[in-house]
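Respectively, the protein sequence lines represent chains A and B. Using our numbering, read the first sequence as starting at 2 and increasing by one per residue. Using our numbering, read the second sequence as starting at 2 and increasing by one per residue.
The set of hints was computed from the structure by calculation and includes no laboratory data. Just so it is clear, the structure is predicted and the values come from calculations on it, not from any experiment. Hints may be right or wrong, so weigh each one.
Said to hold, decoys possible - Here are the computed distance ranges between Cβ atoms for each label pair: (1) L116/B to P112/A: 34 to 44 Å; (2) L116/B to L270/A: 22 to 32 Å; (3) D314/A to T35/B: 50 to 60 Å; (4) T35/B to L241/A: 49 to 59 Å; (5) R57/A to G115/B: 30 to 40 Å; (6) K95/B to L283/A: 53 to 63 Å; (7) G115/B to A185/A: 28 to 38 Å; (8) L99/A to E159/B: 50 to 60 Å; (9) R44/B to L241/A: 49 to 59 Å; (10) L78/A to R44/B: 29 to 39 Å; (11) G48/B to V335/A: 44 to 54 Å; (12) A112/B to V335/A: 33 to 43 Å; (13) S80/B to P161/A: 30 to 40 Å; (14) G113/B to L283/A: 22 to 32 Å.
Don't be surprised by glycine CBs; every beta carbon is placed ideally from N, CA and C.
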Amino acid sequence: MADPTVLGEQAKRNGAHANDSGRARDAALGSLGAAARAGTRTFGRASGGLLGAGRRLAGDALGAAARQAQRALTADLDDRDPDYIRENLPLSWLLATLWYRAEVRNMGNVPERGPVLLVGNHTGGNMSPEVIVLPLAFSTYFGVERPFYQLAHNLVLASPAGPFLRRYGAMAASHEHAEEALRAGAAVLVFPGGDWEVHRPSWERNKVDLAGRRGFIKLALKANVPVVPVVTIGGQETALFLSRGAWLAKLTGADRYLRLKVLPISLSLPWILNVGDLFGHLPLPAKITIEVGRPIDLHEQFGPDPDVDEVYDHLTGLMQDTLDGLAAERRFPVIG
Amino acid sequence: MRLNESIVVAARPQLVWDYIADPANALHFMSGITRWEVEGETRIGLGARYRMLMRVGSAEMGGLVEIVEFSEPLDMAWSSVTGVDQRGRWRLRKAGGGRTRVEFRFAYGVAGAGLIGYVSERVAAPSVRRHLRESLVQLKREVEHEQQRQDAARRQAEREAATA
Numbered sequence: 002m003a004d005p006t007v008l009g010e011q012a013k014r015n016g017a018h019a020n021d022s023g024r025a026r027d028a029a030l031g032s033l034g035a036a037a038r039a040g041t042r043t044f045g046r047a048s049g050g051l052l053g054a055g056r057r058l059a060g061d062a063l064g065a066a067a068r069q070a071q072r073a074l075t076a077d078l079d080d081r082d083p084d085y086i087r088e089n090l091p092l093s094w095l096l097a098t099l100w101y102r103a104e105v106r107n108m109g110n111v112p113e114r115g116p117v118l119l120v121g122n123h124t125g126g127n128m129s130p131e132v133i134v135l136p137l138a139f140s141t142y143f144g145v146e147r148p149f150y151q152l153a154h155n156l157v158l159a160s161p162a163g164p165f166l167r168r169y170g171a172m173a174a175s176h177e178h179a180e181e182a183l184r185a186g187a188a189v190l191v192f193p194g195g196d197w198e199v200h201r202p203s204w205e206r207n208k209v210d211l212a213g214r215r216g217f218i219k220l221a222l223k224a225n226v227p228v229v230p231v232v233t234i235g236g237q238e239t240a241l242f243l244s245r246g247a248w249l250a251k252l253t254g255a256d257r258y259l260r261l262k263v264l265p266i267s268l269s270l271p272w273i274l275n276v277g278d279l280f281g282h283l284p285l286p287a288k289i290t291i292e293v294g295r296p297i298d299l300h301e302q303f304g305p306d307p308d309v310d311e312v313y314d315h316l317t318g319l320m321q322d323t324l325d326g327l328a329a330e331r332r333f334p335v336i337g
Numbered sequence: 002m003r004l005n006e007s008i009v010v011a012a013r014p015q016l017v018w019d020y021i022a023d024p025a026n027a028l029h030f031m032s033g034i035t036r037w038e039v040e041g042e043t044r045i046g047l048g049a050r051y052r053m054l055m056r057v058g059s060a061e062m063g064g065l066v067e068i069v070e071f072s073e074p075l076d077m078a079w080s081s082v083t084g085v086d087q088r089g090r091w092r093l094r095k096a097g098g099g100r101t102r103v104e105f106r107f108a109y110g111v112a113g114a115g116l117i118g119y120v121s122e123r124v125a126a127p128s129v130r131r132h133l134r135e136s137l138v139q140l141k142r143e144v145e146h147e148q149q150r151q152d153a154a155r156r157q158a159e160r161e162a163a164t165a
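When you get a sec, could you build the whole thing from the sequences and use the hints?
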């Protein structure tokens, strides 16, 4: 019988890395272990005559959760399954075409071969449209045979959808995972703004906000790969996003235990008032337009030892200009 | 899903064949096609490979296709090597009076996609069918123009020969 405490600790040991993302993983797994211990204690106290059965049940459930979390936060490039992606293209295509009326421009700007880092602005809360539309566009344009990975938040991969997303090429966001994929010659998609940008208020929908995160530039420089900016518009119109709720994340401790800097507040279907967006929402069928920019060779454009701040300013400026252009084309919210 | 459209072109089969067999013309007359590039050494003929894309709905679909039948000037068929499963065929037959009946067949789908795949194929059908129709109309315009140009050149040559 699996002991949740042991499994929690084992998951923590296995996930240990001497780096920031490793420490963050440790924190998440450590908290899972603590939850397992607390769960067992609680069940133990409450169950009385059913003590044994209750403990076993709790142990199984939390042990499974610990195993799932451990599995989700490691990266195995082989988890990506081209046949699975191909078989699911029709579903993505139906969603992109009928629901979002999506349009992806200039996918041909992505270099035909070799590793490349696609850097996007993130929109639409936890039901982000571009995570459906962009992989679809990439897979149909270059073929599912070309390896393509997407860096995702730990919680997304630890959710019940995690195993399916891993088969699509999603992997826990960390420098090590991205480097490994780039070294293998793959294309990697990253949303540096992450949860901060994706939950920005709807009135900031036409603003690129990568939250000052520059790690992706260091990654591109280290791996010596071109950067391709990808700009999406429309996602912030799939609900009325009111606030990131950063204060709520601090208040509840979600920033420390779950790596969540935000606990967003929005008006969305079917919840009406949606706090946290942890269970997602039914997105409004806003028109999604994605524009793929020209590839940027950082060493070629900024010299042999580029200034990261300068690159960041240039890239965010470029993405903002593109977003402004897309916003100018848009006549009505949602309709497009 | 298999779609089939046809048109009668006022030109000889060989002229139509020469036009459709040349990959350089694909982007000029094939509607919805955003890419048709030669891949490999063989440019035209059996075994020639092309990297092609067709815009359908929100995506540019396609992949690597290979010419699997090349019977000049009657039939040319291709099949997908990578990407979404597809088979295409140009079928040319004499229609009398120096005209040609051109048939464009196109079959596509995703093996193993189940019910969702079935639904998506049907949803995509009107868009793909429109592409086939427009391709045939554009082919007719291009080839008939070429036929008229050739006829005019021939008549002029005959007049010049008669007056000489």
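Structure-based check of each hint:
Remark: the range hint 34 to 44 Å for L116/B to P112/A is upheld by a beta-carbon distance near 37 Å. Checked against the given bound of 22 to 32 Å, the beta carbons of L116/B and L270/A, roughly 25 Å apart, stay inside it. Checked against the hint of 50 to 60 Å, the C-beta distance between D314/A and T35/B comes to roughly 34 Å, which is inconsistent with it. Remark: the range hint 49 to 59 Å for T35/B to L241/A is contradicted by a beta-carbon distance near 36 Å.
Under the hint 30 to 40 Å, the C-beta atoms of R57/A and G115/B, about 38 Å apart, fit the expected range. Range check, K95/B to L283/A: about 57 Å between beta-carbon atoms, so the 53 to 63 Å window is met. Restraint check, G115/B to A185/A: a C-beta distance of roughly 31 Å satisfies the suggested window 28 to 38 Å. A beta carbon spacing of about 58 Å between L99/A and E159/B agrees with the range 50 to 60 Å that was offered as a hint.
Take R44/B and L241/A: their Cβ atoms lie about 55 Å apart, and the range 49 to 59 Å holds. Separation of L78/A from R44/B is about 36 Å and conforms to the stated range, judged on CB atoms against 29 to 39 Å. At about 49 Å, the beta-carbon gap between G48/B and V335/A stays in the expected band of 44 to 54 Å. A beta carbon spacing of about 36 Å between A112/B and V335/A agrees with the range 33 to 43 Å that was offered as a hint.
The given range of 30 to 40 Å is respected by S80/B and P161/A, whose C-beta atoms sit roughly 39 Å from each other. In this structure the supplied range 22 to 32 Å holds for G113/B paired with L283/A, their Cβ-Cβ distance being about 28 Å.
Hint compliance for this structure: hints 3, 4 are not met, and every other hint is.
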